[in-house]
Amino acid sequence: MLSESAVILAEKIDLFTSVNSTPQLGHLSEIARGAFKFASAIQALAAFRSAPAEVECVSAGHPQQWNQSLPSLDTLAEEPVGKPGMPTLAVTNFNVVCATLGGFITLFGLVSYLFKEQFYLSEALISLLAGVTFSPHAANLIKPIDYALGSREALDDITLYFSRLVLGVQLVLAGVQLPSRYLLKEWKSLSLLLGPGMLGMWICSSLVIFALVPKLPFLHALAIAACITPTDPVLSNSIVKGKFADKNIPRPLQRIIIAESGANDGLGYPFLFFAMYLIQYNEAGGARKAMGLWFGETWGYTILLSVVYGVAVGWVAKELLHWAEENRYIDRESFLVFAVALALFIIGTCGMIGSDDVLACFIAGNVFTIDDWFRLETLDDSLQPTIDMLLNLSVFMWFGAVCPWPIFLNNNIIPIYRLIGLGILVLLFRRLPVVFAMHRYIHQIEEFRQAAFVGFFGPIGVSAIFYLYVSLEYVRRNLIVDGTVREDGERLIETMYIVVWFLTICSIVSVATLGSLIYSFLL
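With our numbering as the guide, the letters of the sequence shown map in order to residues 1 to 523.
Hint data in this document are derived by calculation from the structure and do not stem from the laboratory. No incorrect hints appear here.
Listed below are the simulated DMTMM-like cross-link pairs for lysine to aspartate or glutamate, each with C-alpha atoms no more than 25 Å apart in a straight line:
1) Lys-215 / Asp-488
2) Lys-143 / Glu-153
3) Lys-185 / Asp-246
4) Lys-243 / Glu-117
5) Lys-241 / Glu-123
6) Lys-289 / Glu-490
7) Lys-241 / Glu-446
8) Lys-289 / Asp-482
Label-pair distances were calculated between CB atoms; the ranges are:
9) Phe-119 / Val-337: 29 to 35 Å
10) Ala-139 / Phe-119: 20 to 26 Å
11) Ser-180 / Arg-440: 23 to 29 Å
12) Tyr-417 / His-322: 57 to 63 Å
13) Val-91 / Gly-421: 39 to 45 Å
14) His-137 / Pro-385: 29 to 35 Å
15) Phe-448 / Phe-295: 37 to 43 Å
The beta-carbon is built from N, C-alpha and C at its ideal position, and this holds for glycine as well.
All chains should be modelled from the sequences, with the hints used to inform the complete structure.
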């Protein structure tokens with residue numbers, strides 16, 4: 001026992017100091033006895049960790065027997081405590097994600113001007129490639145399935161909500177960017193782009209998908225095409241923003257592209273659920289019920305309610321901000337971030353009532369700045385573009401990590417050569433024919449070259465992924481027989497998953513890599 005050794009050593013020190021009495025040795029005796037008292041105190045404090053043991057305590061040079069539940073220091077010494085001086089690493093998912101995301105944004109920021117203004121490469125493509133690099137397919141630093149606790153459906157929910165968040169913030173900011181009463185002043189051009197324009201894009205995309213995906217029902221092709229019909233506001237901003245765009249793209253053309261991409265994002269629901277309801281109610285007489293739901297729920301509750309809600313929230317927010325500013329109740333930082341907070345509020349409240357939060361955000365942004373006051377007050381401020389950039393980098397990095405890259409090559413739906421052909425044909429025929437047919441009636445598109453530019457740059461991006469996961473959620477909840485998803489529903493899920501993801505990747509790559517060529521040739 002360590003305590004017995006302590007007693008023997010203490011006795012020897014006492015004997016030695018009594019024979020050789022010097023001040024230095026007396027000090028040694030006192031130090032030794034103090035150390036033994038300290039060891040005994042440690043044993044007493046650790047009583048709860050051992051079985052009953054007999055402990056010898058040295059007090060003033062005399063041993064005393066204690067019957068306590070105390071551990072011996074020998075036992076404690078045998079417990080694994082790690083090597084002294086060696087730090088414990090905490091390589092947790094949170095720490096790794098923060099380090100990876102922060103490191104990427106930092107490094108990209110150092111050369112961002114070079115990539116965007118000299119090479120015309122969008123931040124979306126660079127973030128997407130970074131996501132692939134850090135994903136489980138490569139460096140394995142970003143592990144999406146781990147964050148979802150191994151659940152594929154939970155991972156789908158995360159991607160859906162992340163897309164909603166980015167779209168909501170983007171669309172409020174897009175609405176704020178437009179001049180006073182822009183939607184009212186340019187209603188003719190927007191009506192053409194959002195009415196016949198979206199309808200033509202939907203039909204053209206459906207025909208191409210139906211032709212190239214083997215054994216695909218036409219209703220399934222309509223549902224898949226509905227996901228890629230809206231033009232993406234995130235990628236559209238990369239086209240109409242920047243020094244080159246300001247120099248070469250006329251301001252009216254920039255604004256109509258922003259307005260179209262903002263409005264048609266929320267208008268994807270009617271196209272999607274037209275097909276979804278018909279797929280769900282495919283029995284005899286089901287078409288009448290499907291159309292009743294389409295007009296009542298989709299147009300009435302989802303679209304019209306979101307427009308009314310967006311107008312109301314945008315107007316109230318505008319009046320409250322005016323009142324707070326006039327009475328000097330709001331500071332500059334809160335003023336600048338007000339639009340972003342408004343977006344979060346609409347996403348949450350509109351989501352709770354089950355309406356179209358994406359469209360409501362865009363409408364609210366337009367109404368919020370209907371008098372141009374907030375837009376002009378924040379025109380030279382960089383806070384909103386900074387938040388916008390951080391969200392864009394994060395979401396496309398996430399897309400790169402969660403994209404199902406292996407199934408493009410290995411699936412039972414469509415071979416890779418057909419997928420590549422599908423990507424090329426959709427980019428060529430989804431939008432170009434429609435814009436060419438209508439451009440003479442849209443005064444912002446003055447020339448044939450501009451029509452080609454607008455027709456080519458109708459990107460597929462975050463909105464397509466958003467509608468993809470809305471579709472998957474609907475199929476899993478509603479196309480059910482005996483507690484399981486119907487066979488045609490399972491095939492629709494697999495087909496949508498492959499085709500929409502692949503077309504989104506094609507659009508991101510084409511917009512980024514062909515940007516300089518198209519800019520130079522057309523403008």
